[in-house]
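Given the structure of chain A, go ahead and fit chains B and C onto it with the hints provided.
Here's the letter readout for the chains.
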Amino acid sequence: MTIRPLLECSRLSFERDDWPVFAGVSFVVEEGDILQITGANGAGKTTLLRMLSTTLSPSEGRILWQGRPLSECLAEYRSDCLYLGHQPGVKTALTPRENLHWLLAVHPRHADRIDHALSQVGLFRHADSPCGSLSAGQLRRVALARLYLSEARLWILDEPFTAIDRAGVGELETLMDNHAARGGAVVVTTHQPLTLSPKQLDLEPYGRCIA
Amino acid sequence: MARFPEWFHRLGAPKTFYSMTGKWLPWLAGAAAILLCVGTVWGLGFAPQDAKQGNSFRIIYIHVPAAFLALAGYYVMAVAGAVGLIWKMKLAHMVLKAAAPLGAALTFVALFTGALWGKPTWGTYWVWDARITSMLVLFFLYLGVIALHYAYSSTEAASKASAVLALVGTANIPIIYKSVDWWYTLHQPATIKLTQAPSMHPDMFKPLLVMIAGFYCFYALVLLMGTRTEILHRERRTRWVADLAKTGY
Amino acid sequence: MAAVSPERSAFSAIVIRDLTLAFRHRGEIANPLIFFVMVATLIPLGVTPEARQLAEIAPGIIWVMALLATLLSTETLFLSDFRDGSLEQMALSSESLWVLVLAKILVHWLISGLPLTLLSPLLGVMLSLPAEGFLTMVASLALGTAALSLIGAIGAALTVAIPRGGLLLSLIVMPLYMPVLIFGASAVQQAVDGMAVGGALAVLGALLAFSLLISPFAAAGALRVSLHG
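Chains A, B and C are the protein sequences, given in the same order.
For reference, each letter of the first sequence is one residue, going 1 to 211 in the numbering used here.
For reference, each letter of the second sequence is one residue, going 1 to 249 in the numbering used here.
For reference, each letter of the third sequence is one residue, going 1 to 229 in the numbering used here.
For reference, chain A alone in the conformation it holds in the complex (with noise of 0.2 Å):
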């Protein structure tokens, strides 16, 4: 096996219109991995996870995957990585079946496990009804759904325990703990204590941080 680490951040800083939301994070992820990012609100916790998914680009500092910077493998990376952020993406007007059938399509995986994957977060009743007609949590639980389906290597979950009930935070935590014993990693943020034990990477508004 490689003996490098999946992701490697070093020194990123992240400045909005020239206002350090963070400055100088450096960790390091590497397989097997569930790192917990935790903070104060606006310590930019939701910023580095976008940061991490590609869709913002850090002001300093380098993000490296498996050894290579993301520039070099960007498509390989976002194939790679599987991110729910606070808008999971999941159509209202869509059932949850239909959602799934477009976000894999984006992010091509194991389609044909669908129904699988909606038995296992308890929607298999509700495959076929429209999403305006499910709960907060339940909708959380169609873009989780995903998670079952995902080959991705990387996670990034943004507050994922979102409205979920006790039982489905069970659930969620050993499904991460099962990807990382598969030697994949989860990045995660969540003010919930998790029974599994973390890594943590503390972020100070402005400051250093201890990983």
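Just so you know, not all the hints are guaranteed correct.
Said to hold, decoys possible - Cβ pair distances, simulated, as ranges:
1) 74(A) with 23(C): 46 to 54 Å
2) 42(A) with 72(B): 41 to 49 Å
3) 55(C) with 171(B): 33 to 41 Å
4) 185(B) with 118(C): 29 to 37 Å
5) 116(B) with 25(C): 29 to 37 Å
6) 154(B) with 27(C): 30 to 38 Å
7) 125(C) with 49(B): 56 to 64 Å
8) 57(A) with 205(B): 50 to 58 Å
Because the hints were derived from the structure by calculation, they are not lab data.
Ideal Cβ placement from N, Cα and C applies to all residues, glycine included.
Just chains B and C now, kept in the frame of chain A:
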């Protein structure tokens, strides 16, 4: 990615640009003042009258240079936008921000003087002539860039979005001009067809050249001043701007 | 429902998705069309009901209205995708964003430009367009509205992150629409006058090809700026 000589990088740093251009301003201002004064006095006082239009033709000494720079200004804006997008140069975005209202103002001057000229020539302030219509569309293109810039709350997004729009506009300008020309020949009304430069008497033409040169200097001067103001604004939290504010220069 | 095969391309997935969404919001497709017909009713009321005079201005009026109706529907092109995070998911696809943008533009034309084109003969009748103009009107609108959808997409992408960006969208897009309007309306006018229309239609086709070349890339770039902001 292409490599640039050292001076390009140094000039690209807002601070260097600011201190370097500070020395150019007096020279540009002087050149613009002299050229514009000479051109105005020569054009209005000494150039011969036009055989058909009498003295009213003299408005070309403002109209033509303004129209020249209105179009050139759009290209300046677009090139700045392209440099800003491709090489991520902040200074270029600042030039774009300064070039947009300046270009719009010159376009307006060209339109306004054109309308004034139209009254004695065509008997009306406004005709849908090909050149005037194109100028009006150009004015709209400028307004779009300015409006888009102001609509964004984030400076960075505003810069990039207006740069994209300026580039799209540039790709379309030749098409718009050609279409308007074609449209005009289709609907050509029976009015006096104006022909200027080719049949112009050299004594009329020379002051025009002086005025054009003067307008170019004036444009460069205002563009630099606008860019410098924008630099100070965007770099207001840096140490060098704070020092500048203390020492005065 | 048949399971989607994994090799189905992202392009067709977006086309199917947006067509499904459009079908579920049928009312929104109808609105620009109703607008198109209603404004056509205003013209005789505001100008003249006299058939000869209406016939004179019909080609231009129909084209201007088609342009405005397309503009109305352009604002929503990326808006809901931007708000619910779908756009971000598309931008993070390993597939190029411009391909997905092109799919969205195609659907936009299918649900706005194409119905307008098909509805235009009705307006031709209402505004006493001479019979010689009908075929050219339909052909020019088919080509022209496709170009308008493409050009409008750039504006929609630039303004999607701006609250109440609809009016701004019109401001920045309308100057870019002008060549299409000129050649579209002229083609119909020439047909009415009994002249050859091949030239004007060919230029419309060229404008369409040019927008096809530029627009998906410009719109994709603009969308990344909007996501960034």
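Outcome of range test on Cβ distance (residue 57(A), residue 205(B); 50 to 58 Å): holds (52 Å)
Has the hinted range 56 to 64 Å been met by the Cβ atoms of residue 125(C) and residue 49(B)? Check passed, 57 Å falls within 56 to 64 Å.
Given the range 33 to 41 Å, decide if the beta-carbon distance of residue 55(C) to residue 171(B) lies inside it. holds (37 Å)
Is 41 to 49 Å right for how far apart the beta carbons of residue 42(A) and residue 72(B) are? Holds, since residue 42(A) and residue 72(B) (Cβ atoms, about 45 Å apart) stay within the stated range.
Tell me if the beta carbons of residue 154(B) and residue 27(C) are separated by a distance inside 30 to 38 Å. Holds, since residue 154(B) and residue 27(C) (Cβ atoms, about 35 Å apart) stay within the stated range.
So does residue 116(B) sit 29 to 37 Å from residue 25(C), Cβ to Cβ? Check failed, 52 Å falls outside 29 to 37 Å.
Range first: 29 to 37 Å. Now tell me if the beta carbons of residue 185(B) and residue 118(C) are that far apart. holds (33 Å)
Using the C-beta atoms of residue 74(A) and residue 23(C), is the stated range 46 to 54 Å upheld? The hinted range 46 to 54 Å is violated for residue 74(A) and residue 23(C), with Cβ atoms some 35 Å apart.
Checked against the numbered hints given earlier, the structure breaks hints 1 and 5 and satisfies all the rest.
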